[in-house]
Structure formats: structure tokens, C-alpha cells
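Novice: Residues per chain are reported as follows:
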Amino acid sequence: MRNKVVPLEELGELVRDGETVALGGSWYANHPMAAVRQLIRDGRKDLHAMTIVGSVDVDLLAGAGVIGHLSFSMVTLEAFGLAPNVRRGIESGALGFTEFTGLGLLIGLEAGHRGVPFLPYRGPFGSDIPAQYPEWYSTVACPFTGEELTAVRAINPDVAIVHALRADAEGNAQWDGTSGPDVDMAQAARRVVITCEEVVPRETIVANAHMTKVPGYYVDAVIEAPFGAHPTSHVPVYPLDAWQLMEYAGAASGEGFAGYVDRIRNESEADYRERVLGNGRDRVLRSLVEEARVLEVSEA
Amino acid sequence: MSAQPKADGTTPYELHELMVCRVAAEVDDEGVVVMGSFTPLAYASYMLAKLTHARDVYIVGFDAVGMQPIQLSFTGAEAAVYKGAVCRWGMLEEINSIHLSNNGSVEAVSSAQFDGSGAINLSVIGDFAKPKVRLPGGAGAAEVIKMYRKMVAYFPDHNPRTLVDRVGFVTGTRWKVGAKAREEAGLMPGPIIVVTNLAVLVKDEDERPFRIESLHPGVDAQTVVDATGFELEVPDSIPTTAEPTAEQVRLLREEIDPFGTVKFDFVSGRERLAYLQGILDAEWERAAKAAGVSTS
Chain A
124 MRNKVVPLEE
134 LGELVRDGET
144 VALGGSWYAN
154 HPMAAVRQLI
164 RDGRKDLHAM
174 TIVGSVDVDL
184 LAGAGVIGHL
194 SFSMVTLEAF
204 GLAPNVRRGI
214 ESGALGFTEF
224 TGLGLLIGLE
234 AGHRGVPFLP
244 YRGPFGSDIP
254 AQYPEWYSTV
264 ACPFTGEELT
274 AVRAINPDVA
284 IVHALRADAE
294 GNAQWDGTSG
304 PDVDMAQAAR
314 RVVITCEEVV
324 PRETIVANAH
334 MTKVPGYYVD
344 AVIEAPFGAH
354 PTSHVPVYPL
364 DAWQLMEYAG
374 AASGEGFAGY
384 VDRIRNESEA
394 DYRERVLGNG
404 RDRVLRSLVE
414 EARVLEVSEA
Chain B
570 MSAQPKADGT
580 TPYELHELMV
590 CRVAAEVDDE
600 GVVVMGSFTP
610 LAYASYMLAK
620 LTHARDVYIV
630 GFDAVGMQPI
640 QLSFTGAEAA
650 VYKGAVCRWG
660 MLEEINSIHL
670 SNNGSVEAVS
680 SAQFDGSGAI
690 NLSVIGDFAK
700 PKVRLPGGAG
710 AAEVIKMYRK
720 MVAYFPDHNP
730 RTLVDRVGFV
740 TGTRWKVGAK
750 AREEAGLMPG
760 PIIVVTNLAV
770 LVKDEDERPF
780 RIESLHPGVD
790 AQTVVDATGF
800 ELEVPDSIPT
810 TAEPTAEQVR
820 LLREEIDPFG
830 TVKFDFVSGR
840 ERLAYLQGIL
850 DAEWERAAKA
860 AGVSTS
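Chains as they are written, first to last, in the numbering used here: chain A, 124 to 423; chain B, 570 to 865.
FYI, nobody ran anything at the bench for these hints, they're computed from the structure.
In this text, a Cβ means the ideal position worked out from N, Cα and C, and glycines have one as well.
Treat the hints with care, as some may be off.
[To be verified] Away from chain B, derived, C-beta distances all over 10 Å, residues of chain A:
hint : residue
1    : R164
2    : G166
3    : V239
4    : T262
5    : E293
6    : G379
7    : F380
8    : D385
9    : R388
[Claimed, not checked] Below, computed lysine-lysine pairings styled on DSSO-like, alpha-carbon distance capped at 27 Å:
hint : chain 1 : residue 1 : chain 2 : residue 2
10   : B       : K745      : B       : K719
11   : B       : K749      : B       : K719
12   : B       : K699      : A       : K168
13   : B       : K652      : A       : K336
14   : A       : K168      : A       : K127
[Unchecked claim] Coverage of chain B stretches by chain A, computed from C-beta distances (three or more under 8 Å per stretch; other residues unrestricted):
hint : stretch
15   : 645-653
16   : 704-712
Just chain B, with the same shape it has in the complex (with noise of 0.2 Å):
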């Protein structure tokens, strides 16, 4: 699986490795990040952050403050987050110690819909009272996504049922965008990045909708209107999306995720069981060997 260049000099990727480092690209040396169950592109972004760029970010990781980066796995990553943990928390201590005292930098959210306000719906399909589809909830996202310096929404589907012109129940939502609204709210300035698989979309004014940040390699602007359903504004010169260097494809492959977990979020239908499946058989039969176990 390593990462040879091909001819031309170039390092061959997958789309979602080209996600996961320009989410990573957000995390800096400055203050907290907190992921709570094992989701895997977020998890994969901000290890390689802390192996590469952003080595004195701060990361909580379920109950465990200050972590050392794992490597990725459905059935390890709770456990492998206590290894280099340097204090133990709950959940109360947490909400007060990082969210509510300024202290979060980036959080990075995914959900069923997402508008051009920064509003996530994690709630319903439909009537509140009796939805058509009643979703997960929000968690800690309908306080968090405003309180970061960063909003991070990632998308591996990119579309017009996804990023909708106005969600159907607000779970969440940025609140202020603009750095001095922010400001005189008590919050810490920062943009809303969405990144999707066809581009990069940034958000720093209350007024203004999010623009076209970058394109992934491949995909033209118009593409990406077609796909959104809140209004874009189209640069007439937008770059391409920062491929993912050598480093960093060995880094995802070999070190932080060679089980392929994040992966698992960008294949769909029959496929994603199968793909699970394939991943778990990896992690048991490692774990099984390790035991001296023979059992399947």
C-alpha cells in the first residue's frame, strides 16, 4: 500500500486522503481539540496534524486530555487514546474546561444537512414532533460549532440534499460568522471551512455566502454550484486543492490508519457492510494472534 511516485514526479492518492490533510491543514499549535466517538476522518486529520505540522496541539480524545496520536481502528481507538494520555476527564469537567471557556480551537462536524448560515441539522426529516426521519441529534454540536475558532464541515457526498439552501430544524449553528460580531459576542473569530469531495467552501463574513475556496483536482466550479444547494460565490480564479504530499500519504497508510477505517465513510450501499466487515476480520485477527486465541 505504500505510496510509490509515479513518473511525473507525483505522489498517487486517494480522494479521502486529499480530505483529511487539508482538515488537518486547520489544526494549528494553538489550543484544544475534542474528538468524542471514534469518527474516522476526523480522527485521521488530527493525528497527522500532530505528527506533522501542529505537534503542540492539544488533543482530548473520549475521557482522555492530552493524547498521544493512535493508530486508527473501530475496536482500539478508545483504548489506544488512555496510552499517552497525560489526565483523565469527564464529561462535565470537559464542557467547562474546554468548550465553554474558550478554549476549543477546532471542531469538525459532519451531518445530514448543512446550509449556507452555517446551520447543521442532526435532528429530523420532517415534523419535529413526528419526523419522518428521526436522526442521531447533535450531541455537544448544537453549543460546540459556535464556540470554536474553527467550524470544520466535512461532506464525502457533496450534494444538493446535503448542502441545502435552509436545513429543515436547525440542531446547530454557527451563530456569528464575522470576526467582529464574533468578537463582540464573546467568541473567538474564525471561519466555517467546509470540505466536501469536489472542493473547498470558506465562510468568514455574516453577509456574504461562502465562496469557492479551492477545487479539487478535476472538478470545475460549475460542478460544484450544480451540487450545492445555498448560494456560492465563484472567484473568476480559484486554485486547485493542495494534493496530499508523499509524507503524508505513508503517514495515513502505513502508520495512522492501515486498516482503512476512514475509508469506510466514502463507500456506500451494499459495499459499506462488506467493507466493515473486511476491517474488523483485520483488527480480530490481529488481536487473536497476539492472544494465541483460534477462533474466527
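Looking at chain A on its own, in the form it has when it is part of the complex (with noise of 0.2 Å):
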């Protein structure tokens, strides 16, 4: 079996300067930090960064100056309200990008993971999105009915980077909670990168197969990262970092940015884990997990 295990300090080497990079995860969950915080380690410039609901990753990215270009359907820090260095950069006009909508990012995933030139959908119509990119959104009618679709041109980026709870030497990775985009993603990509919680045996994946939503032939490289997606979330080994993310939010609002930045660079991935989960942190996070309730429905 083909060994594609690579440490996190290879990553720069999978990915180059001005490329398409897809960055799986959505809202606070599972966007793949671990890599996030390698590519500004690395000093990566002009990578063009597509997300379908952003946070802390991509305005991260856009406050280290390795992106200079945005793709996005959302980007937010939700209750810690807009995201502070994407809104700088697009206001100012320093950071290039493209908004679409939701479901026209992922169906244009979606044609170029099937490898069609577009695929055509009920689309956002009275929406003002598709006049701002004729490059991307069209229009086209069915050749049965007449009926005008919306089109969507195909995404294939060069290299999807994705959070997995795990995978083996192989490439199979294998989700337990939220996956969001991360499957669309690695099927479109020409290169995919696996970060994964826990590098496993075979035997695991086998004996999880049902679990396993991104096979070995699309993998290009897997990274052992463990809380690689901190401080957002991986259900269900550890919640989103509701207190690293106010921190977050409080630096990259204010002047001390660059030193939030720099502290990033100068680490490495084992540094940073023993300053943010040290002191039983680890052990509070998964205990968020497991504290977390569902209701018992009562018998009418």
C-alpha cells in the first residue's frame, strides 16, 4: 500500500504560491487550522482561498497576508460578529474576491468533480450575485421544456485541504460529525490533502467503512493533526473554542494583530497545542462534548 503519511511541515511543499486552495469546514466546525497555521508558517503568498461558510480560517489567512484572493458563500465569526481582517481587506480593496451563493458553489463543485463544464439548477433568480460574475453564473434552457436554469461553471481547485477524524496510510478518511463541504470539496480538487485527527491502522477503517466518505484514490497526502481543527470545532472529540475564538476576535479587531500572527509563525503545531490546551484545556473541551444534552421527548 502506497504510504502517502507526510508531517504538517511538508504541507508548503503541496502547496504553491497563487494557487486555488478549498479549505473544508463550515461555520465554526472542522475547518483544517492545523494546515492554516502551516501555510503562514511556510509564508505561503497569493494563495486564492475558497470557503462555503468561513471563520476564523480564512480571515486568519487574510490577516497574515497569504491570501490574496477570497471565494466564499459566508464568511463570519458569528457571535463574535463580522469577520474583521476579510471585511479590511475587501473594503480597502487589497483583498480580491468572489461572493457566491451557497448552493451555486457547491453545484459548480459538483460539475467539476463529475467533470462536466457546468451543471445547470433552479438558481438564486432576483438575486443580484450572478450579474456580478458572468464568468461563473449563466444562464441556459432546458433543451426538453424550455424552462430557463441558472449555470453554474465547474470549480476544480487546485488543492483541497480537509480535516478528517481519521485516516490510514492509504488516504481513506472517515468522519464522524459534521463533513460539511469537505467531501464536495475533495472531489473536485486536482490535489487533496487529508489533515486528520489520528493517523489509523487499515484494520480501522475497515472496521468503520461505513464511516469512510472520502476514498484513498483521491488523496494525495495525509497529516497527522491532532486538534487540528482548534479552535474550531471536530465533533465529537472537542467543540469549537468558544474563549480562543473571543480571543481571536478581540486581536484581529484591534492593533496587536501582528503579534497574534507572529506568535503563529514562530511555533510549531506541538507549541501551539501545549499553550492552548494545556492545564487540563484538553480535557475541558471534550468534556463540553460530552456534557452536551439532547432532550428527552416526553410521551404525550
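Could you fit the two chains together into a complex? Lean on the hints.
Specialist: This is how it looks when you write it as C-alpha cells:
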């Protein structure tokens, strides 16, 4: 079996300056944050980041000067407000952007996966977004009924980086909680990097084969990155770290953000984990998952 | 925090609880409701409906399909949705199976701007290419608000800067409003309902403006008209919005939202961060205690 496992430090050899990089996860869930931090340490430049619903992942990349263009359907820090670096970048004109509609972006990836030049759907009729991007959105008549449909051009990112629960050396990757757009991005991209909480023997994957969402033939590299989505969540292992996210939102809104980025740039991923998860914080984060409650539905 | 009836037999409640109950009333046993990120008011409304009058509603939260009602928390909501769910999907499966195949029943949204045609703006204030304010973007709302049987827009602060005559940029729109026009376009017929801190507005015909469906207790029609940037139809007689029952208030405070996450969207300015910090402290404390960790 081909061994695709590489250390996180080799990520820089898998992503080249100027490439389009689709980043998995959505909301505050499961963004490939260890990879985001590594791209900063590697000093990558002018990347075109692509996200469906981005948060601290793309905002941090924007603030660290790693990305020159952002494609997205939403970027938000949710309870902590708008994404400060993305907002500043776009408002100042420094960060190029393409605002997709959410379904349009996913259907573009599906077209890319299927190898067709576009796909039609009953699109965002009445929205002002498609007219902004004639290179991505057009209309097409149904050849059978004449109905006018929205056409989205195929999207094939150069690289997709997605974070899984576990993978084996061949790249067979499994999720248990939120996978969001991870599978859709991996299928459409020319190269796929799986980061995962744990690299496991093939037998572990076989024993849970129903959880495999990305089979190894899509995958180019496997990187073990425990807490690799932190400070976003990787359920059921850990939830979002709201306290670290609050610190991020504060730093990104203020003058001290360069220091925040420098600290990440100058520490290893192991140092990062020690800094943010020490003193039992990792155990409390896991406990927050345990304590999350389903309500009893009483019989009427 | 339990709700003791007042001397006149009514139940004391807070405004956000009334809004949750009104949004919940739109949820019925048919179809699927979908929640993405943790938006407390929408989550609370769907949980309340699932626990009371709409026990058969099918709920998707994050990628958890067929989830059970959960207790709301900022850090625990995502983990909780998977604990009672019957299936896990990804985004493309979800949009194909629910949004694009007409299985969506209620879509609850909030936006920076909303207008009298049922359009939302979550994109920009000012020029699109070089905006004054870059807003988060609409995610799937650009398409989804037209596809679902009912669109519910909720606003904790009803004012004419949010409820505007025309949105500055259309991120998404209901597109077809009247039942006939919707059916001809292959969409399920259903209204646009707006639930705010002042009133409930409804629109169910393309050529007719929103009308005031009900006024919250103590609010008069002129206050609503003055706070709304688009034309409103004001019926001669307007009922009062149904107040939460004792059981609804109990469920919200004791079962669904003991940490008080819904109220967060109703706290403004400097108090907002402190309020959030208070909730997070309580969530941390419970988990740290369970883990036997003494940190702060």
C-alpha cells in the first residue's frame, strides 16, 4: 500500500504560491486550522482561498497576508461579529473576492467533480449576485421544456485541504460529526490533502467502513494533526473553543494582530497545542462534548 | 428562573420568548427544517415546536439529519445535534435532498436589510466592488429563501434602517410570493412571515404589501408603521400576538435554553460581550466540574 503520510511541516511542498486552495469545514466546525497555521509558518503568498462558510480560517489567512483572493458564500465570526480581516481587506480593496451563492458554489464543485463544464439548477432568481460574475453564472434553457435555468461553471480547485477524524496511510478518510463541504471539495480538487486527528491502521478503517467519506484514490497526502481543527470544532472529539475564538476576535479587531500572527509563525504545532490546550483545557473541551445534551421528548 | 403565574393568572415572559413562540408556531409536522450554524432564536423555536405541537417535524442541524431536540449552548449545540440524529450528511447531499427537491418547510433568516418585496441583503452596504461595509454573505439563503414552503424573517430590533424600502443589494429574495405564481414556478405555496420585537407582518401576494398580522402587547400600529421603511397595510382591527403559555416559558427556561443564549441577540453595545462571557463561563464551569478540572 502506498504510504501517503507526511509531516505537517511538508504541507508547504503540497501548496504552491498563487494556487486555489479549497478549505473544508463550515461555520465554526471542522476547518483545517493546523494546515492554516502551517501555511502561515511557510510564508505562502497570493493563495486564492475558497470556502463555503468560512470563519477564523480564512480571516486568519487574510490577516496574515497569505491570501490575495477569497471565494466564499459566507464568512462570519458568528457571535463574535463580522470577520475583521476579511472585512478590512475587501473594504480597502487589498483582498480580491468572489461572493458566490451557497448552492451555486457547491453545484460548481459538483460539476468539477463530474467532469462537465457546468451544471444547471433552479438558481438564485432575483439575486444580484449572478450578474456580478458572468464568468461563473449564466442561464441555460432546458433542451426538453425550454425552462430557463441558472448555469454554474465547473469549479476545480488546485488543492483541497480537509480535516478528518482519522485516515489510514492510503488516505481513506473517515468522519463522524460535521463534514460540511469536505467531501465535495475533495472530489472536485486536483490534489487533496487530508489532515486528521489520528492516522490509523487500515484495519481500523475497515472496521468502520461505513464512515469512510473520502476513499484513498482521491488523496495525495495524509497529515496527522491532533486538535487540527482547533479553535474550531471537530465533533465528537472537541467543540469550538469559544474562549480562544473570543481572543482571536479581540486581536483581529485591534492593533495587536501582528503579534498574534507572529506567535503562530514562530511556534511549532506542538508548541501551539501546549500553549492553548495545557492545564487541562483539552479535558474541559472534551467534557463540553460529553455534557452536550439531548432533551427527552415526553410521551403525550 | 421558573415562571410563576402572576396574580391575574398570566405568565410573566420576556420579549424574546414571545418571538420564539411565534416563530415556533410556523413549524408544523410536514417537511424538513434545516439549521446551519448555531443561531439561537431559530434553534430555540424549532426545539420548542418539536417538543410541543410539531413532534413529527424532521430537523437537520449541522450535518445531523433527523436530530432530536437539544439543550442550547454556544459550545455544545453542535455536539448535541449528533447525539440523537439518525443520519449524517454533507452539504451537497443536503442541498440536493432538501433544498432543491422541495422538501424544505420553514426557513428562518435574519439579515442586515430586508425589504417589502421579501428580499434580503447580507452582502454589502455601499458599492459591491468596494463596499462601505462588507457583510458576511448569505450562504445558502440566496437560493433557499425562495424554495422553502414558508420564509420567516426575524429581527430583534425593528427599525427603518433594517426594514427598508429597497435593499441596497439583493443577496436573495422570495422571488414569487402569491400561491399561484409560486406553484407555476414549481415552488410550494406559502407566506413570508416577519417576526420582530414589535409585531408580526405577513405577505402572501406579490402585488400587495406586507400587512400587520398582529401587534405585540403594548405596541400600537403607528409605532410599527414608523419603524418600517416599506409600505404596510394596516387593517382596521389588529389582534394582539399570542403570549407564551406557562408551559412554553418553562420549556424555554428550564429545558431548551437554561444558559440564556437566545437573549444574546437582544443585548446590544458594551453589555453584549459581557453577556456572552457570562454564558461561556457557565458552560465552562459545568464541563470543568464534570471533567474534574479546576481551571478558569
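Novice: Against this structure, judge whether each hint is valid.
Specialist: Status of each hint after checking the structure:
no. : hint            : in the structure
1   : R164            : holds (28 Å)
2   : G166            : holds (26 Å)
3   : V239            : holds (15 Å)
4   : T262            : holds (15 Å)
5   : E293            : holds (21 Å)
6   : G379            : holds (17 Å)
7   : F380            : holds (17 Å)
8   : D385            : holds (25 Å)
9   : R388            : holds (26 Å)
10  : K745/B x K719/B : holds (12 Å)
11  : K749/B x K719/B : holds (15 Å)
12  : K699/B x K168/A : holds (23 Å)
13  : K652/B x K336/A : holds (20 Å)
14  : K168/A x K127/A : holds (25 Å)
15  : 645-653         : holds (count 8)
16  : 704-712         : holds (count 9)
This entry satisfies every hint, going by the numbered hints stated previously.
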